[in-house]
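With the hints as constraints, model all of the structure from the sequences given.
So the sequence shown is numbered by the numbering used here: it starts at 24 and just counts up by one.
If you are wondering where the hints come from, they were derived from the structure by calculation, not from laboratory data. Here the structure is a predicted model, which is why all the values come from computation and not from measurement. Any given hint might turn out to be false.
Claimed, not checked - The calculated lysine-lysine pairs, modelled on BS3-like cross-linking and capped at a C-alpha distance of 25 Å, are: (1) 333 x 404; (2) 66 x 216; (3) 453 x 514; (4) 163 x 66.
Claimed, not checked - Cβ-Cβ distance ranges computed for the label pairs, FRET-style: (5) 227 x 47: 48 to 54 Å; (6) 661 x 363: 50 to 56 Å; (7) 237 x 165: 47 to 53 Å.
By construction, the Cβ of each residue, glycine as well, lies at the ideal position given by its N, Cα and C atoms.
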Amino acid sequence: MLILSLFCLCGSVLGEPSLEARQIESFNSGWRFVKADADAAEKPDFDDSSWQTVDVPHDWSIAGPFSSDAPCDGDGGFLPTGISWYRKAFTVPSGWADKLVFVEFDGIMANSTVWINGHQLGHRPSGYVSQRYELTPHLKPTGQANVLAVRTDTTVQPDSRWYTGQGIYRPVRLIATDPVRLGQWSTFVSTPKITDDQAAIRVQTEVVNAANTARSVSIETIFYTPDGTTAARSTSPAKTIAGGKTEPFELNLTVRQPRRWDIVSPALYTAHTKVISEDKTLDDVITAFGIREFRFEPATGFWLNGRNFKIKGACVHHDGGAFGAAVPLQVWRDRLETLRSLGVNAIRTAHNAVAPEFLDLCDRMGFLVMNEFLDVWQVGKRRGDYHRFFDEWALIDTRQTVRRDRNHPSVIIYSAGNEIRDTPRPERAKRILASLIEVYHTEDPTRPVTQGLFRPNVSGDYDNGLADMLDVVGQNYRENELLAAYRQNPKRKILGTENSHDLNVWLAMRDHPPFSGQFIWSGIDYLGESRQWPAISTPFGIIDRAGGLRPRSYQRQSWWADEPMVHIVRRIGRNEPSPIDPGYEASTDARFRVLEFSDWTPMNRQPHTETVDVYSNCESVELFLNGRSLGAKTRPDDDSPRTWRVEFEPGVIRAVGSNGDQVVAVKAHRTAGQPAAVRLLAPRSTLTMDWDDVVRVEVQIVDENGVLVPAARNQMAFEVDEPGVIAAVDNADVFSHESFQAHGRSAYQGRCYVWVRAGAERGQFTLTARSDDLKADTLTFKIQ
Numbered sequence: 024m025l026i027l028s029l030f031c032l033c034g035s036v037l038g039e040p041s042l043e044a045r046q047i048e049s050f051n052s053g054w055r056f057v058k059a060d061a062d063a064a065e066k067p068d069f070d071d072s073s074w075q076t077v078d079v080p081h082d083w084s085i086a087g088p089f090s091s092d093a094p095c096d097g098d099g100g101f102l103p104t105g106i107s108w109y110r111k112a113f114t115v116p117s118g119w120a121d122k123l124v125f126v127e128f129d130g131i132m133a134n135s136t137v138w139i140n141g142h143q144l145g146h147r148p149s150g151y152v153s154q155r156y157e158l159t160p161h162l163k164p165t166g167q168a169n170v171l172a173v174r175t176d177t178t179v180q181p182d183s184r185w186y187t188g189q190g191i192y193r194p195v196r197l198i199a200t201d202p203v204r205l206g207q208w209s210t211f212v213s214t215p216k217i218t219d220d221q222a223a224i225r226v227q228t229e230v231v232n233a234a235n236t237a238r239s240v241s242i243e244t245i246f247y248t249p250d251g252t253t254a255a256r257s258t259s260p261a262k263t264i265a266g267g268k269t270e271p272f273e274l275n276l277t278v279r280q281p282r283r284w285d286i287v288s289p290a291l292y293t294a295h296t297k298v299i300s301e302d303k304t305l306d307d308v309i310t311a312f313g314i315r316e317f318r319f320e321p322a323t324g325f326w327l328n329g330r331n332f333k334i335k336g337a338c339v340h341h342d343g344g345a346f347g348a349a350v351p352l353q354v355w356r357d358r359l360e361t362l363r364s365l366g367v368n369a370i371r372t373a374h375n376a377v378a379p380e381f382l383d384l385c386d387r388m389g390f391l392v393m394n395e396f397l398d399v400w401q402v403g404k405r406r407g408d409y410h411r412f413f414d415e416w417a418l419i420d421t422r423q424t425v426r427r428d429r430n431h432p433s434v435i436i437y438s439a440g441n442e443i444r445d446t447p448r449p450e451r452a453k454r455i456l457a458s459l460i461e462v463y464h465t466e467d468p469t470r471p472v473t474q475g476l477f478r479p480n481v482s483g484d485y486d487n488g489l490a491d492m493l494d495v496v497g498q499n500y501r502e503n504e505l506l507a508a509y510r511q512n513p514k515r516k517i518l519g520t521e522n523s524h525d526l527n528v529w530l531a532m533r534d535h536p537p538f539s540g541q542f543i544w545s546g547i548d549y550l551g552e553s554r555q556w557p558a559i560s561t562p563f564g565i566i567d568r569a570g571g572l573r574p575r576s577y578q579r580q581s582w583w584a585d586e587p588m589v590h591i592v593r594r595i596g597r598n599e600p601s602p603i604d605p606g607y608e609a610s611t612d613a614r615f616r617v618l619e620f621s622d623w624t625p626m627n628r629q630p631h632t633e634t635v636d637v638y639s640n641c642e643s644v645e646l647f648l649n650g651r652s653l654g655a656k657t658r659p660d661d662d663s664p665r666t667w668r669v670e671f672e673p674g675v676i677r678a679v680g681s682n683g684d685q686v687v688a689v690k691a692h693r694t695a696g697q698p699a700a701v702r703l704l705a706p707r708s709t710l711t712m713d714w715d716d717v718v719r720v721e722v723q724i725v726d727e728n729g730v731l732v733p734a735a736r737n738q739m740a741f742e743v744d745e746p747g748v749i750a751a752v753d754n755a756d757v758f759s760h761e762s763f764q765a766h767g768r769s770a771y772q773g774r775c776y777v778w779v780r781a782g783a784e785r786g787q788f789t790l791t792a793r794s795d796d797l798k799a800d801t802l803t804f805k806i807q
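Right, here's the structure in full:
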């Protein structure tokens with residue numbers, strides 16, 4: 024291994040780096056697809072003319088239909104599973120004749136097998152891990168057609184506790200490199216020492232010589248600041264690599280006056296690493312990274328860049344609601360912005376490897392990430408889940424995913440598993456955990472490892488040594504047990520890895536400095552884990568699956584957000600019926616019952632008493648009904664909501680939040696009349712010609728005064744002219760079995776949603792929403 028100290032360049036402006044040698048092409052468009060098994064479909068001359076043409080990312084399951092006898096049951100949201108095939112014909116560019124050519128998939132669900140021109144390249148059970156195959160030996164000469172074929176198989180069901188999606192649901196790309204190239208995910212940028220004056224940066228990488236003869240090469244790395252200015256550069260001495268061999272390289276550089284990556288200001292640097300031979304760049308990669316330092320302390324919890332604060336996290340599954348598993352990045356951006364507005368600063372990737380693009384987004388937006396890959400080890404939770412493949416694939420999948428993800432500054436901790444059922448046999452469980460930890464620490468020694476322990480007092484994890492194998496002790500729920508484990512051994516660093524929405528859970532973290540943070544279950548409603556028909560998704564999130572705010576989200580905001588806020592909800596008793604939705608009567612699961620309403624429009628308009636909760640982080644809140652003060656209340660020490668019993672009368676209920684003598688937040692609800700019109704609301708009116716760019720349009724049913732009618736369930740119809748496209752529709756109702764891919768949707772709680780996307784041409788288009796007996800509304804969008 025070569026180690027070279029750096030030299031620094033200050034002030035040289037080269038602009039944003041771009042690849043000089045490696046070529047990467049999107050491989051997303053023009054796939055042939057069939058939702059069935061097909062004999063010999065891997066052969067190049069197979070006739071796929073009757074198959075559907077699709078672009079990927081593509082989740083064929085989300086199109087439905089929902090079925091009460093679906094093999095995946097409620098775990099998979101009662102949606103289709105099974106076997107599917109994809110085929111794509113392509114020719115290799117003439118400039119790639121002397122290149123190595125690879126295909127890289129970010130995710131194929133699941134048990135995928137890949138062929139090129141009839142030659143099997145490999146098989147992968149996990150649907151979440153990225154996978155790369157070399158095509159070079161089997162490619163036809165330039166100008167002749169090649170056929171890539173992919174088969175997926177999820178017939179053994181249920182295979183997950185949540186909705187997985189189906190098919191090639193993440194992006195695909197072709198990569199062309201020189202035979203002397205940088206190894207896949209081998210470039211690792213770390214920051215061994217950081218001060219305000221300078222940051223020591225280490226670049227470790229591997230060079231693969233796939234040629235038959237030895238080559239003399241060096242490594243050059245150039246660092247760019249977040250503004251595109253050259254921060255440092257260094258070149259290693261030349262080193263000869265024999266044919267068929269791989270050699271490691273290491274460079275050490277210094278960046279002066281570093282800008283820290285932080286949740287407030289997520290500054291991203293860029294490393295451009297090149298393989299140089301005879302003054303020619305043979306291969307190169309561009310790596311975004313952040314300069315930051317963090318640590319967990321037993322007595323004081325989490326620290327980032329010298330600042331001690333609580334990790335206020337949310338567990339998030341990988342589906343995007345109406346989009347299934349093939350989620351445009353803008354959907355994630357919208358969701359993360361909403362979570363941030365509620366005070367959330369961290370995401371737990373529950374419970375699988377996520378798309379690398381999702382971690383890119385967390386890097387850019389300044390979210391901390393608990394990166395979790397496994398829901399099971401050797402003991403399964405469902406008949407068809409990953410336990411069937413764990414012994415053969417777990418260490419391989421973990422190693423490759425750590426190498427893929429270790430440059431993301433958002434990732435601050437790895438989780439080796441969620442509620443693992445192997446722990447009742449502690450010696451076996453400890454052997455498995457030790458093997459996983461070794462992989463994490465070998466591939467990335469800069470981050471700690473935790474695990475979402477499952478009832479550790481029952482399995483004895485705090486006494487048999489298993490918990491103390493973890494760098495940070497994580498436990499799901501039972502916060503007092505975790506605090507007791509800290510008191511038992513004050514050297515333990517502790518973190519809530521999955522936590523409920525209850526007030527006492529928040530207080531356990533707020534009032535105990537050792538409690539580093541929590542990850543609430545869940546941040547967003549997700550498809551599946553609904554347990555029983557007719558529910559197809561869960562209502563556990565602080566935001567619903569369409570991105571709307573639940574009443575409970577405002578309570579979270581009052582605890583976690585810094586900006587002054589106030590919000591009013593009506594609350595009904597836990598044992599009372601939920602008049603807003605007859606669908607809840609079909610469920611015997613009390614978790615699905617609606618108990619809070621963000622309105623002043625009860626179904627009962629006769630005189631009666633309403634329980635009103637006001638969520639606020641303000642020092643004082645005064646409540647008014649039709650201009651009359653109902654009194655002011657100060658913020659309770661335990662952060663519980665301020666509650667009034669109010670005799671209902673139609674009109675306006677208003678809450679005014681004050682800090683000292685200054686009014687800092689106001690919220691009001693007005694009693695709604697009968698539905699009169701449709702109102703469309705969108706955050707912007709421009710789109711780019713990018714699959715990842717969509718705009719969520721909120722469709723509201725309002726009365727003649729423009730007040731949302733919360734009980735409205737009108738059937739909506741949507742029209743969009745070219746070049747616009749309706750990408751998805753939803754209403755967030757966990758009992759709705761309407762298609763997500765339609766031009767209409769019923770309203771739920773007075774709302775539904777439609778996402779629009781640019782078509783194949785620039786220009787502008789108009790979206791129209793109509794419903795019988797209501798005034799229609801339109802929005803116009805421009806495609807840039």
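Status of each hint after checking the structure:
no., hint, in the structure
1, 333 x 404, "violated (32 Å)"
2, 66 x 216, "violated (54 Å)"
3, 453 x 514, "holds (20 Å)"
4, 163 x 66, "holds (14 Å)"
5, 227 x 47: 48 to 54 Å, "violated (22 Å)"
6, 661 x 363: 50 to 56 Å, "violated (25 Å)"
7, 237 x 165: 47 to 53 Å, "violated (28 Å)"
The structure fails hints 1, 2, 5, 6, 7 (numbered hints given earlier, in ascending order).
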